[in-house]
Every structure is written in C-alpha cells, then in structure tokens.
Amino acid sequence: MRADKPLRNNRILVHRHGVLVRATHWVNAVTLLVLLLSGLQILCAHPAFYWGDTSEFAHPFVSITPVTAANGELRGVVNWTEGAVDTTGILGASRSADGQMSARAFPAWLTLPAELDLGAGRRWHFFFAWIFVLNGALYLADGAVRRRLASDLVPTGAELKHIGRDLLDHLRLRFPKGEAARRYNVLQKLAYLAVVFIVLPVMVLTGLAMSPAIDARFHLLTQVLGGRQSARTLHFIGVSSLAAFVMVHIAMVALAGPFNLLRSMITGRLVIRNDEAAQ
Amino acid sequence: MTSGPDRRFWLRAGLTAILGAGVAACDKLTQSPQVNQVLDGAQTWNRRLHGLLVGSRALAREYEASAISVDFRANGTTSPDSDDYQKHVASGFADWRLQIGGLVERPLSLSLSDLKAAPSRSQITRHDCVEGWSAIAQWKGARLGAILERAGLKPQARYLAFFCADTLEMTLDGTGDYYETIGVEDAFHPQTLLAYEMNHQPLPVAHGAPIRLRLERQLGYKMAKYVMRIEAVESFANLGRGKGGYWEDRGYQWYAGI
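Residue numbers (this note's numbering), protein chains in the order written: chain A, 1 to 279; chain B, 1001 to 1258.
Hints should not be assumed to be uniformly reliable.
[As the list claims (entries may be wrong)] Covered stretches of chain B (chain A as the covering partner; in silico rule of three or more C-beta atoms under 8 Å from a C-beta of chain A):
1) 1043-1053
2) 1060-1067
3) 1102-1111
4) 1144-1151
5) 1197-1204
6) 1215-1223
7) 1230-1237
Hints listed in this document are in silico derivations from the structure and should not be mistaken for laboratory results. Glycine included, C-beta positions come from ideal geometry on N, C-alpha and C.
Next comes chain B alone, as it looks inside the complex:
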C-alpha cells in the first residue's frame, strides 16, 4: 500500500491535471468558431419559439406613472463627441434631419417637428438591459410603422437598419460606429417608436437625443440612440461587420427577446 504523503501527492497531482485539462479544454471550446456556431443555433430556436408563443402582436406591459424609475441609467455613449452632433445639441436640433432611405418608394428627410407631427404613441414601459438591470420610463414618439408606410417599403425590404451619431470604438473602417437592425415585423409593432420624449421632457442627450428607437419586447442594446439615418435593407451582411449591429458584431445575439 502506498504511504500517506505519497498518495496525497498523486491524488493532488491527478486532480490538478484533470482540472487543468478541463479548464484548458473549456477555454479552447469557448474560442472555437464551430462551437460558437452550434451554440448560436439556440438563438434561432428561441426566436422561433417566441414567434410561436408570443406572436407579433402581443404588447409589452405598460405601467402606471407611479412606477417610473427615479434613476434610469444611461449606458453606452452618453454624449457623442463629433462636432456635427455637438452643433446639433447647441442649436436644439433645429437643422437636424432624419434620413429614411434604402429599399423605400419615397425616401424621406424629416425634421424633429415633422416627427412630432407624425402619428404618435405614449407608453410607460420597462427597459431591460442585457446586463441584467431594469428601469421604467414614459416614452413618446412617432410610430415607426406609420413613418414606414409613408415612405413605402419595397417588397424586398426585410430589415430596418438604424445608423447613429455615436462611435463606441475608434476604428479605421468605421465599424466602431453604433448601428442596429430590426426585422420588418417588429418595426410595425404598435409600441415600436422613434422616441423624442422621455418622462414628458425632450429626450435627454444621455438617452439618445434627439430620437432613440423603442423596441419594447427586446433588450436595451437593440434600441439605438442618436438615430440619424434609417435604411430599409434586404440583408445586413454588408453593414458593419455583418452581424446586424454594433454589439452583435462583438458577440451579442441579434435576437434580443431573451
């Protein structure tokens, strides 16, 4: 029989080897593109299951005014530093225009007052951040569906791409600029807004002035702030790094309903 210390040594060496191999294997696995592709398969199942269970019409829960959060955290960029954007802030977005183009019959160029005159909706909803926190606010904005009806989507249009004034990461090719894409069906959801008002005040700069997207049934990173241009597209493969959004290009899921 092996003596005490010797056995302990081999036990410890064995355990360390097994644990070490396990950790190394896990690290290899998490970096493997094939493994990540398989894991990403769940995203499709989640989207389909949600499509079946939730459907395209269900409304996100709306709250009483008393539920509005005192402290609503602003994530990502809280003040885009480009000269153009800062000039807009200084002039109260008087010369700001939202460009709507791509696969549409009638490209639009809308001022903030045009947007405010468009069919609108006000809602008190909960904002869920991918990090895990939630906050409630009142939002008012132009219904994206009504704007898109005015522009007239071409039949090939499958996604709406939102291009923003903020750059989250400095890159040479511009792939650090914030952008997002959503499906056409979600764009026509009645609670999907181009919000210009938060808690009955003009949308603050920290939260995306002059307009941010509200896409109530998905997580916060889908709700692009500082939206400057909207384009109807057939595919987002050629935008940014091809995954459908700034954070999607950096590993987040395109479908953020979970």
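Same shape as in the complex, but just chain A:
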C-alpha cells in the first residue's frame, strides 16, 4: 500500500486504484462500447425477439418495425405482446446522415458501422468479444490472486445491515467523502458484484449459446438458457441492464465529484477529507 500524502485544508491524497484495475477498467469501457454499437448493428438484420429455440415470426416477444403511415410517412414502432409504441426518430425509422428518414431498427449514431452492414458489424463484434473475455480474465485472475475480489467487492455483515441508510444517503446524493471513500460502499459492492459475476458472464454464455458450432458440442448450455432464441433475447436483456448500470455509474461519478473520481481511475489517486483532523 502506498503512503497517503497530506494536503492543505485537511485533505489527503490516497492511493485508491491499482494499475491493473485502472487499465482493465478503461479497456473494458471501450470494448463494451464497441460491442454495444456493433451488437445493435447485428440486431438491425432481424430486430425481433422470441422465447424458445425458434422464431415464430408471427408472434415475436418484442419487435421493432418500420410502418408507412396513411399519409405515406415512414414511422418506427416497437411492438410487444400487449401493445405498441411509436418510436419514430430512434427505433424503427430514423434519419440517416443525409437527413432522409430510413427504415432501420437503430439509428446510424447507435450502430457500428453507421450504415447498415451486417458482415462488418459481426467482424467488430467477434473481434472485441475476444478482447472483452481476455481483459475480463486478466481482471478476475489478478483480483483472485491478490484476494482483491473478496476484500473489495464482498460486503460485510455490518454493511448489509445498514444498506437502507446507504440507499437513502445515495438518493439524497450524499456520498462518502472521508475515510469511507477509501473503499467501495455497500451499494457499489453489490452493483459491481452483480455486473462482474452475473451480467457479464450471462452475456458471454448467451453469446456462446447462439453459435451453432458451440451448440453442437454443448447442447446443455443452450437448453439451460431456454433455447437459442431465448439465449438471444437474454443477450439483449443483459445488454440493456448493462447499459442501465453504465448510465447510473456515470451519473454517480458526475454527482459525487467527476474530477476527483476520474483522476482516481486514471492516476490511481483520490483526494479524501481527513476525518480525524475534521473532528
């Protein structure tokens, strides 16, 4: 552990994140962004979800479709079993770079590449899937060897007891500033645990289950997930929850001190208030 460095005004510069955590964090951020955008490109080829092994085209669970309105205007609609909602401009129909409304599940600014190109989307997706898995394996291996995963991410009994108060504090946008900011709070721990050990592994497993070759050898994986189309639907639900996590994560950083927190994830150093001096 590197030594703290006292600063003026009762503040201390502490070493918050190790170099491997910082490096894998940023590699992961870029990788997930590429996987999201190329994944949406792939989804544009058949923007409909089903449960089970096959696609019952007439009855998707959720689908994104372009429709031509009575006045000839192109509209985008998201349909699910219970109803439909007009999503023109974002889902189903959106303006391309030349300003023309075009029929596409996701807008050009949300797909990689921008124009519709399934082959290119797959090329980006499957390349970055490797980077994602290797980077994740490095993070987990380092965390396991240094016992960081257990000490940093697993909440203590005492922390779990006070989870209600932590939740209230977070909702009031009161974040730990002093000694408590040296480690993750219980809400962070639970969120990171869920992402690292549930959401991301589900993304990998549902991704693998969609491969017909992998399925030929590991039928059980696809069957446990409910069939190939279920795996595909779960892959999308997984990425949606991941996107929600990232949005909350970025919002929390923005609210709790973006400069200080960004620096801690880049240089490793975080400024905290000196609790003892303050007393």
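Using the hints, position chain B against chain A.
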C-alpha cells in the same frame, strides 16, 4: 469567470467537435482495409477455438417432430429466374444432373434418383440464419461424404465448392451467381447432406429444389440452395471474388460457426 450562455456555447461546441471527430474516425476505421484485416483475424481464432472445443465429430442437436417450425422463412433467392432452371421445375427435375468434378478421381453426373438411391440420412435440425432467426425442419438427403468417397477426392483437395442456379446480383463477370465453399472435413461430417426432402416433402423451390446443402453446425448462408455443380478445389482464391462464397465476397465471414 465565463458567463452562463457563453460557457454553454463552448461546452456544446466542444462536445459536438469531439463527437463529430469520433464518428468520423469510426467511419474511417470501418472502411480501412487494414483495420478490417485485423478484425478478420478473430475469424481464425474462432475457427481454431471451435476446432479445439467442438471437434469435427460433434453432432448438431436433433429435435422431435413436434418441434418442427410452422413458418420456415426462405431467404435469398426463392425462385431462380433462368430459363434452364424454370424448365427443370416444369419437368420435375427429370433431366437435371448434379455434376461432381474438380480434384476427384472419378467425375460424377448424378440424377435426382441416383442421389435418392445413395446412402442417406434424415434429421430434424435447427437452421440458424446470420440475421438472427432460427427455424426447425426435417431434412433428408444423400450424405455428402459417401458421394465424395464414390468420386474419390484427390489428396490436394481442401475445399468443396458448390455452384448454384441462382443469381442474387446482376453482374457482367458472373460474380453475382450464388456459390459457397466448405472445408473437406466438414463435407465428411455425418450430418452434412445434399438434401432433397424437407418435412417429408420434395424440397420446395423456395428452399432450393432440387437439392440444397445442409451443413448443420454453421449458419444458413453456407447451405447453398439450387446446387447444380460441386467441385473439389485446392483453393477458392480464383472463384467469384476470391473470398469463398457469394456472401463472403460481400463481407460475411467464411467460417460461419458463430
């Protein structure tokens, strides 16, 4: 300190510039041949990893008859418009012949009844389209491996090329004609068939009559429909635009097990 509106202007201008540069850079990247070559490297890793994990013998999952899809979408060409093909349809493929040549000891010319008399296999399997959808059907066909044993592959033969009756894109040089290539090992997989029957009926025109390839552990675009000629080759560099298939020539991966 800068006043509100001014700061907002610079913030917005800065963000727009960064986003614009990012988007432009991404578009440049996606078009760069070097970048695409690097990205395509993953295809080799996937094929090798699948080779290690899956092996050449694992069978695709087979289903009960009750799992057969009511609605099995037909993609690509659904009725080749050439006169020759339409004449075959009209005559029930009575004069149709499958030519098997290239790097083989004994070139073959097989009628539909020859194929039906060859060692066959029936299987109920799931068809996965590159677009993302899946459908299940029963397929019966001649085992490609048995046919190739009869023709006798020469040792140099590494790929089987399938030439089809359909033209998906009109071109002057004929590179819009559908074709596909598969590896020799996959050709001898027990579930690899020249299917002439779908759901206990003669293969419909929309699904590739009189025969389509079944290559169960890969995606639908590998499973050429309307197959007219099979050639054993050492390399596919000289076929079409050199990438090993109609869709491969247009950016799809040659290895479609993922």
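Which earlier hints turn out false for this structure, listed by number in ascending order? 3, 4, 5, 7
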